[in-house]
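Residue numbers for the sequence shown follow the numbering used here, beginning at 1 and rising by one.
It should be emphasised that the hints constitute simulated quantities derived from the structure, not laboratory data.
Worth double-checking, as some hints may not be accurate.
Unchecked claim - Listed next, with one range per pair, are the computed distances between beta-carbon atoms:
| id | residue 1 | residue 2 | range |
| --- | --- | --- | --- |
| 1 | Glu87 | Gly158 | 33 to 39 Å |
| 2 | Ala80 | Arg48 | 43 to 49 Å |
| 3 | Glu87 | Ala63 | 35 to 41 Å |
| 4 | Gln27 | Ala2 | 18 to 24 Å |
| 5 | Ser39 | Leu18 | 29 to 35 Å |
Here the structure is a predicted model, which is why all the values come from computation and not from measurement.
C-beta atoms are modelled at their ideal positions from N, C-alpha and C, and glycine is treated no differently.
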Amino acid sequence: MAVEPWVWVVIAIVVVVLVVLVLVTGQRRKAIQQKRDESHREKAAEIRRKAEDIELDARENEARATRARADAEQAQVEAARLRQEAEKRAADAQSLRNDVADHTRKADAVDPDVDTRMAGEAPRNDARAADSRPADARADDARMAAPRTGDARTDVAGADAARREEIRRDEANADRENPRSGI
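With the sequences and hints as input, model every part of the structure.
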């Protein structure tokens, strides 16, 4: 059985067509793979850019947090310093009040117009003496000299009002001496 030459030509053409098809499909696969790889590279690059952005945001947030902690610590230090200053000024004010009270007592002891006798003794009739005494002494005398109505609540209410007025005046003086006291 001899094979005709035209059969060999058909076989050769079929083989060439198969080889060309294999080469073409291989190139097509390669092109598709390259496109897929390029797409994956672009996607990876985009993910990396997002990761870098997130990293930068995280660093900024950490820096803000560190700055906020430092500001808070600075505020605590400042508050402690102001507290110490307020305590020192309050102590100075109390010392000055004590000095004023001592000087007032000494002046009252020396002044012949001021009645320095005990509460059980009869007071002198001197109008200037009542006005020159400290407010708490005048309030005590007013309370003792007030007519007794038999209602102890009235006496207590008057004494409470006098104490509240004296506390209000002391606070007003303290506020004028230290304008930061309300902070």
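| Violations among the numbered hints | The structure conflicts with hint 4 only, although it agrees with all the remaining ones.
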